[in-house]
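Asker: Please take these sequences and the hints and turn them into a complete structure.
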Amino acid sequence: MFPGVDGFRWSFAHIIFLSAFFTVVLTILGTLASAALRTASDLRGGRAAGIAWKEEFAKLPETERRCRHELAGRVASRLCPNAFDCRHCREYGNYAALPARNETNTLGLHYPDNRFYHRGHTWVTPQDDGTLMVGLDDLAGHLVGDPDVIEVPPEGTEIQSDGTAWQMKKNGHTIRVRAPLDGAVVETGGPQKGWYLRLRPHGAVDLRHLLRGPEVAPWLAREIERLQLELTAPKTGPALADGGVLVAGMMDAMPEADWDAALAGTFLEA
Amino acid sequence: MASAVLTDRRWIARGAERTSSARFALWLAPWAALLVLGIYAAGLCLYYGLNQTNMDNRFAFGLWIFLDLSVIALGAGAFFTGFLVYILGRADLKPILNAAVVLGFICYSGAVAVLMVDVGQPLRGWFTFWHPNTHSMLTEVTFCISCYLLVLTLEYIPVLLRNRQLGKGQPAAVFEYRLHHLVPVLAGLGAFLSFFHQGSLGGLYGVLRGRPFAFREGFSVWPSTFFLFVLSAIAVGPSFLMLVTAAVEKLTGRRQVPRELLRRLGFISGILLAVYVAAKSIDTLIWLNVTSPSVGFAPWEHYAYPPFGSALLFIEIVLFGLVPAGLLIYPRTARNRRWLLTGAALACCGILLNRFVMTVQTLALPTLAFDEFLSYIPSWQEVATFGGLIAYGVIVFSLSYRYLPLFGQEKREATDVSGR
Amino acid sequence: MKLTRRDLFTWGGGAAAGLLLTPVPWKLLDDTSIWTQNWPWIPQPAHGPVEVKNSFCSLCPNGCGMRVRMAVGWPVGISGMPHHPVNQGALCPLGFGAHQLNWHPRRLRQVRYHGRASSWTEALVAFQKACAAGSVAIIDGYPGRAASSLFQSFCKQHGSYGVVLCTEERALGPYETWSGVPVTTLGYDLENTGTIVSFGAPLLDGWSAPGRFTRLWSERAAGMADPQLRLIQVEPAQSRTAACAWRWVRIAPGSEAALAAALARALREEHLAPEDTPMPPATLAESAARCCISIEAIRELARTMVARGPVLAISAESNSAVAALNVVLGAVGARGGIVCRRKRAESYAAADSLTGSFSAVLIDSSVPADFNPNIDAEVFRFAGWEGGPGRADWLLPAPGFLEELTDIPTAPASSIETYTIAVALAPPPPEMRSAAQFLAQVDPSAPLVEQVIHARCGQLFHARTGRLKREQSTAVSALDSPEMLKKELCHGAVWVDDPPRAGGIRCRLREWPQPSGAAPCAATWTTAWVPPVLPPLATKLYQESVLRETPPRSAI
Amino acid sequence: MKARYGMVIDVDRCTGCGACMVACAAENNVPPAAQRATARTGITPMLVHKVSDGAEGEDRREAFLPVTCMQCEHETPCVTVCPQQAVQLDPATGIVMQMPQRCLGCRYCMTACPYHARYFNWWDPVWPQGMEKSLNPGVAVRMRGVVEKCNLCHARLHAAQEKAAAAGKRTIDQHDYAPACVEACPTGAITFGNLADENDSVSRAARSPEAFRLLARLGTEPKIYYKSKRPWVRALAEPHTAQSRKEVQHG
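Chains as they are written, first to last, in the numbering used here: chain A, 1 to 270; chain B, 1 to 420; chain C, 1 to 556; chain D, 1 to 251.
Be careful, since some hints might not be right.
Cross-link-like lysine-lysine pairs, in silico, BS3-like; alpha carbons within 30 Å at most [stated by the list, open to error]:
#	chain 1	residue 1	chain 2	residue 2
1	A	Lys-59	B	Lys-250
2	A	Lys-59	B	Lys-94
3	D	Lys-2	C	Lys-53
4	D	Lys-133	C	Lys-487
5	C	Lys-487	D	Lys-163
6	B	Lys-168	A	Lys-54
7	C	Lys-53	D	Lys-133
8	B	Lys-250	A	Lys-54
9	A	Lys-169	B	Lys-168
10	D	Lys-163	C	Lys-53
11	A	Lys-193	A	Lys-169
12	A	Lys-170	B	Lys-168
13	B	Lys-250	A	Lys-193
In case anyone wonders, no lab produced these hints; they're calculated from the structure.
Answerer: This is the structure in structure tokens:
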């Protein structure tokens, strides 16, 4: 650098000064670089989905981060600290033991008990051959109606829990459906088949983190309440006020409503 | 406000309540106009040279340097809050951290931009890194500010990535996550850098042996102004942060941070201000009675030229120093929002006045026996550039507020609202 | 293979990183500094061998000697000529920037007739027509040159010749009236004076050849409590000269004559002046009242004056009272007073005294730009620069500074006779002609300036008086040919006549003269300056500093 | 051997004609003033001030004080503040060298100089058509946006050194080197020489009781001395004499 600059004379001050300066610069660049490198390794190592979900979860409004046990009435108020992954939750056991308020009114929506429900409105049913069926639940189905476009991953794709399971397009909205759990796609279906993906899990299947039984109805109630608020545009008027049966294909039924928010809330987008 | 039309809804955090796009545009429009004017004026100065300004050989520094010094001092809130949160672990200040970072970024980037217009040969800016003079305070300033601006940018990125759209997609999200985890390092670095250049900005004038009004004795290589500037900056930074927050709350009509947070900021500000005033008074006494007379300048000479009377000194130390310190510390006034903000405002005025006196009065006063006392009125180009900087700040902050989570508290309140 | 975005990023990043390892960025950095040094519009000084040539300033009739630094054929710097007998190495501030005058934006570059472009042929035709129609007047601002003699001989046939004298010579007017000795041969013997009473003459601010008195003053007077040379400045305001003078006497504006009379009377009353000198009619009281100073002050001043002789009174403009005071003081014709430089005298008609009807007036470029002939005829004005206030039908582009060969006669009011030659150092632009060249076209029989100069050198050589002054001086008699003399003069030597013996002029003055002469006007610092423009760098003195007041005529 | 070039300016001999200012500008290729240039934006590396004893009327005394770069020897204000070593004190000659080609134009040095002897190029240097032929070959033209000042006609020192080198001498002949203002002064008020040389006329003059330096108490050891027999002129060395204040009040 300095050699070759006419009239420049090195001094002790220069050494100190410049070394301090370059240390600082290197630290800054180092920070940036390490962040970039770790990001890259995460992307490669398949940790990306998890991290991304955790980040996104943190951005969700608190009303959508409630613990399943609060929904089930086992605890007065609790924020989920684990991004809805009860498999690593320490308190899970303690709360799960408590009695749940047994509410069964699914408001005429079809929520069979043999299914496990993900907070992103997908359901999972284990098959006898060890594979898992994954589908879109009834509420989501009512909202979306029949999508314009469906992009299901090709067979053999590894999908990660809370990562993207498949994508749908409807009235210009892109809907990302979160995967309820990890696995490799062995078969793909669609709305008319009633299911979307058949996954082959790796190792033992732990469905603890999915809602089931008594937890479903209260959760639904919350979801509908949220939708009610978000969809209540002045023109449409109270859509679900009667608490009766939802019309199918609500996105078509009331296009002027704030679907952006509604869908994001439904499919756990920040 | 569900009825409000939000064409940019998809960019705004869900649940966060923002005014309609139209009203927002309306709010931005005048600022944008001012910014354009500022850029035009700066362009004139760059194209035709600094003869567009009213600076001259005696007033070699003018409005811009005053502006830069003030803005950077006010921007000190950024590094100081970061310092308190990450280094001293004051987690209670976290909700305001993002706002502080954005504010700091605005102040520093703006100041650097104006500096680039202010120098006669911007293309040679890098010469300082090429053959630095390590004895020059300005070298210190250049190095630290350029580094710290880099730091602020890095600190700003995670905040940016918290935006609903920018943060979409796994890479962005993961990068944000990773960077966020490293921010403490940056904060530490930032604190180190800022402490230094805030000081060296003070040293800038303290070392002017040829200007007895500014010259100060000091410790080792640093004149006393070095330390006074650091103190005043970290004292007033939080106050400014407070004012800005209050302004945002007034404009949006919604509470952004808990009351007690503002009061806590005020308290910190007040204590530091008190210390600063004490130090400043001692320094002034030493300067008036020892430093200045020793080179043949009678103390009162410096205040013999109206409007730069000794009243100015009184205002700076008492009205803009002691009084706000009292207002910010004394519980009864501090509990009253109006008094609290008044205190903060006074403190900010104090630092403005101090920087003004340092930059302008120093040059206006004669040194040679046959010198005249000079005055200087900035040209419209200078003022417009100044305005442009302010507009830039307002615009960036408005955008950041609209699309980024500046105030940690806000989301809960937003959801409360929607939950009602 | 297909190129994904990721590939692009990787490639770009790698390229950027790789680039840093090459010398490219450093080269670019270095170049920016070079670029910022020489924008295309920043002129680069020509490089070349620098040589110093001697020449003489021809912009005012003082002909100060100057050393001109020449680079690649153009003057690039000026400094004084130390061995010059009159200005002794000193120049006025304007002289130092004079070499840039030739490129002054207001340089007159073509013939103009009533402002519009014209040609030499047209001008020539018009002038010849005028000559045919009647007699012409030629006005010269710098008499005594070879060109002047050509003008005179031309006028012998076609009309009459008038001169515009500089203020220093005009101030000598009364002595010419009283003694018959022409002012062009009179001078102040400053070098031998003991006390100088200056009535508003800017002795230290461009008066006569600037160096002449300033050098004298700085050696014999500057800062001394009791100097060998006492300078008493009589002036209403504190001018530069007054500020530097040994004593400054403040009087009411325009009361110079009154004070001169008062001093004369005081001298007579105190018997400090011979009885046969004229006695002013006005009583001391009257004069004192007129000048607003006390009688005691006048008496004291009179005594101080004569305390250290010889005494000499100098007025800015022609002032008969001051002249009479010199008579009373016996300074006329005495050592350290007013001396006559040579016997053979030549008297010129003043330009504004020309009478009769003329069909044309030819004004030489040496005439001050603000001079207006009071003759109703077609004016042919030679000028190097446009924009003078003077009237002109025809503006004829004359050679500029150091662009023509001319000889330099004695400086006005000098006590010694001098002669030298200023050669052309820079080539004049095309289209430039001096008045002499113009006349040579009208009357081809007339000799050229070169020939006249040659002849004069011959006369000097054969007169065998005086010395050639250079670093060391040699007697003319020691030279072996007129050519050698001419060559020496062309290279900066100055011929200096033997110093005049006292006497040679006697003023008979019976009674005190009626106040006459021009009303004293405050001399501006550019009074002696002929062209209508100033050297561009003169702005340092008035625009870029407050050292001097802005002059009436200045271009950049 | 190290030289310390300096001047002794005899204020009593200065008639304030301004020849030094013009000669300096011509020597150093200072451009003609821009249209809008003023006394505060002009470039006058040598500047003659008109000073007075502050009295009024007949007993008012005036003098002229040429001010140029004082070539401060100790803690040279401009040298210490320049961020990129565009100003340096030449150890061999004691000349404070300004390197315009390295100057960023931050003007910090101008605020640092108590003598206001530094000048900023507010305008592009422009010469009328053809006048660039009259530029002094030795000196590079400064461009817009950089600071310049007196460097004791360094080009002349260069020439003298080359001449000495050609003659095979190590040190220059003092007669070969004098700045333009010194050469131009019609009264010889400015004398120039080597202060390090005990018997140089300048260093002798600098030691005389009549000699003084402006603002000497700032401790920057200027190498430009002044001398005057008049006490009131010597009083101008100190900052803010009573006179100056009077002037301030009157003007």
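Asker: Check each numbered hint against the structure and report the violated ones by number, ascending.
Answerer: Hints 3, 8, 13 are the ones this structure does not satisfy, whereas the remaining hints hold.
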